[in-house]
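First to last, the protein sequences are chains G and Z.
The numbering of the first sequence is our numbering, which starts it at 1 and goes up by one.
The numbering of the second sequence is our numbering, which starts it at 1 and goes up by one.
No wet-lab data here; the hints were simulated from the structure.
Quick caveat: nothing in here was measured; it's all calculated off a predicted structure.
A virtual CB, placed ideally from N, CA and C, is assigned to each residue, including glycine.
One should not assume that every hint holds.
Beyond 12 Å from chain Z on every Cβ pair, some chain G residues (computed) [stated by the list, open to error]: (1) Leu-110; (2) Arg-130; (3) Leu-220; (4) Ser-231.
Incomplete in silico selection of chain Z near chain G, CB under 8 Å [to be verified]: (5) Thr-51; (6) Asn-67; (7) Leu-71; (8) Tyr-74; (9) Gln-86; (10) Ala-93; (11) Trp-106; (12) Leu-117; (13) Val-118.
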Amino acid sequence: MSDTAKTTASPQRAGAMSLTLGPWIVAALLLLVLPFIFDNNSSITIMNQMWITVIFALAYNMLLGQGGMLSFGHAVYMGMGGFLCMHVMNYVEDFGIALPLPVLPLFGGLFGMGFAMLIGAISTSGAGTRFAMISLGVGELVAACSVIIVAFFGGEEGISGDRTYGLPFFGIEFLKQIEVYYLISFWLMLSAALMYLFSRTPVGRMANAVRDNPERAQFLGYSSRWVRFYSFMASGFFCGIAGGLFAINYEILTEENLNTSSSGIILLVTFLGGVGFFFGPIIGAIAFTLLQTVLSLKTELWAFYAGALFLATVMYFPGGLAGLIMMHVPAFKFRNAGKLVMPYVKTLIPGLITVLGIAALVEMIFHYRHASVGDDEMTIFWTTFDSHSVVPWVIVTVITAIASYITKTTAPDLKEAWGDANTPPTTGGDA
Amino acid sequence: MSAALELSGLTKSFGKAEIIRGVDLSIGKGERHAIIGPNGAGKSTLFNLITGRFAQTAGTISLHGRNLAGLEPYQINRMGLSRSFQITNIFPAMTVFENVRCSLLWSMGYKYSFWNLVSRSKALTEGAEQILEQINLTARRNLPAGVLSYAEQRALEIGITIAGGADVIMLDEPTAGMSHSETDYIVELIRKVTENKTLIMVEHDMGVVFGLADYISVLVYGEIIATGRPEEVRGNAKVQEAYLGEALEDEH
Ligand SMILES: Nc1ncnc2c1ncn2[C@@H]1O[C@H](COP(=O)(O)OP(=O)(O)OP(=O)(O)O)[C@@H](O)[C@H]1O
Ligand SMILES: [Mg+2]
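Could you put together the complete structure from these sequences and hints?
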């Protein structure tokens, strides 16, 4: 018997899929303590945005990763949920109804689901180009409606409200960011757990089967169309929840929450994180939100870097960041991970310098071209210099070139170490 | 014996080409029926018509006396008919175990449930494991099905087909591309799992056909030129001329 057969027959059974609680408890604890570590208001604002994006990305991946459906208009379902919640918020305030704020996202979820059922009834007959095109068309249509159906979408200004309406919820008025943070975190845990469990139900399993081979699924008693429809519905529900949380967090929704550019971003986020693993979109949402918020404070060109990162992911790591992480599992299993440390250091540090060098050149070009006349001074990496003199250009170019050369020459060693680390140990049998 | 499957006046044209040209056939309950014939005779097309993959041009198909006209493959499958494919048709990115478990879901009554967890069902796990044992793929259970060898994928194809416990099983060239020992093993497996069931099988290996079938039909150019017990068909002059003489010679 070969080694592969032995290792795959190891007692750890992927098929039985024991529902381990470990990661969930860690996640819950992290959500609890993070605001104590990053306790300034702007960090909490960033985390609020992050967790909402996580829910949205996970919901999106119910389609893309698990169901094999590529949607170009998914912002619509989140936006719809958000707009509805905004209206409910205003309605409750006007009429003084005792609706606790933490329940509000549920309305968004139900509305998102309802809208998904409406669209899904047409679009889920296939997963290919037709599905993608319908999603795009619906996305454009709804975004256009925002200036037509002003009563619901509020025209160009959008609609806004006040989350501190009505009665306090157990004494909490949701005036403070931190209170909203815990509300969002609660919904994040709940939604993520439910989405995870959904993927373990019969219909969730069949979503994978239909993604892989819709025709064969039909010969096992399942209508591919209905399986897709249910995934679509569930995805719409959780998108709506994310929308409701958005409404609570920002207290305003506009056309921007519906348009295709928002839909594009969630595709990017999900793909960046990795569609093949449940936790992929979580990583994607965190990475992207950090890029978007932290990097955008440092440079106007953050979208350029995000785009470059996305391209690099598509071209070199189609499994996304999650795939990149999971690639290392065999090396750890074989207890070979140590063999990778030095080669990684030797290649990745010059690699990082190369990337930063290129980024510096991009920034310098941008500054050279766009800074106002006479403003020749620029600062990158804590260094201030004159972007119109030759010296800095030469220095950066030389550093980048050397770093890139070192990366290139050390790469084969890394490759070899990689192959070595992924070879099962020959002595002693099972790792 | 009442008929499990009844075809009458069945025809199918692709554009101008008439591929199935008036097939009448009655297959009794519990019968093992082989359909043989030269390449391109329309055997797979006949399977595709019966299982709802294609719509017939004319004629009727009935399963347990129920007309199948206009039914989708999944509806026909729910009536207790399951098929395998000549060209392996599995779920390549899912694990072998997952492939088999998915093929058990509907027949175990889970339908589109989103309130059951598959891992919590002992019946599902044990059922799938039992099938894996039967098709000798237990050691491969956690590999993506797409990385299996050809013969292993063929075994999985059969596993998926029989898993749901359908009472009419249709196998399109189950042993194609298998070695002698694999073929022997699969034939035994087919015999075992189709006990008291109706089996309809397309097969080129005459050893398998004559070893397994109670009845044989010979399909040539979209028409059934003979149907009967193996020894009758073997002796039939028309069959000898059109197909068998050649096929039997190939055997030796
Ligand atoms: N979808 C289709 N469209 C057009 N022609 C088709 C289609 N499917 C099958 N045919 C034609 O029908 C004829 C019969 O094909 P079929 O696959 O049923 O033969 P077969 O008896 O299964 O042959 P083999 O022994 O090679 O599997 C062939 O000439 C084929 O080209
Ligand atoms: Mg064929």
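Checked hints:
1. Leu-110: holds (16 Å)
2. Arg-130: holds (18 Å)
3. Leu-220: For Leu-220/G, whose nearest Cβ neighbour in chain Z is about 5 Å away, the distance does not exceed 12 Å, so it is violated.
4. Ser-231: Since the minimum Cβ distance to chain Z is about 10 Å, Ser-231/G lies within 12 Å and the statement is violated.
5. Thr-51: holds (7 Å)
6. Asn-67: violated (19 Å)
7. Leu-71: violated (11 Å)
8. Tyr-74: holds (5 Å)
9. Gln-86: Because about 13 Å separates Gln-86/Z from the closest Cβ in chain G, which is outside the 8 Å limit, the hint is violated.
10. Ala-93: Result: holds, 5 Å to nearest chain G Cβ.
11. Trp-106: Interface hint status for Trp-106/Z: holds (3 Å vs cutoff 8 Å).
12. Leu-117: holds (5 Å)
13. Val-118: holds (6 Å)
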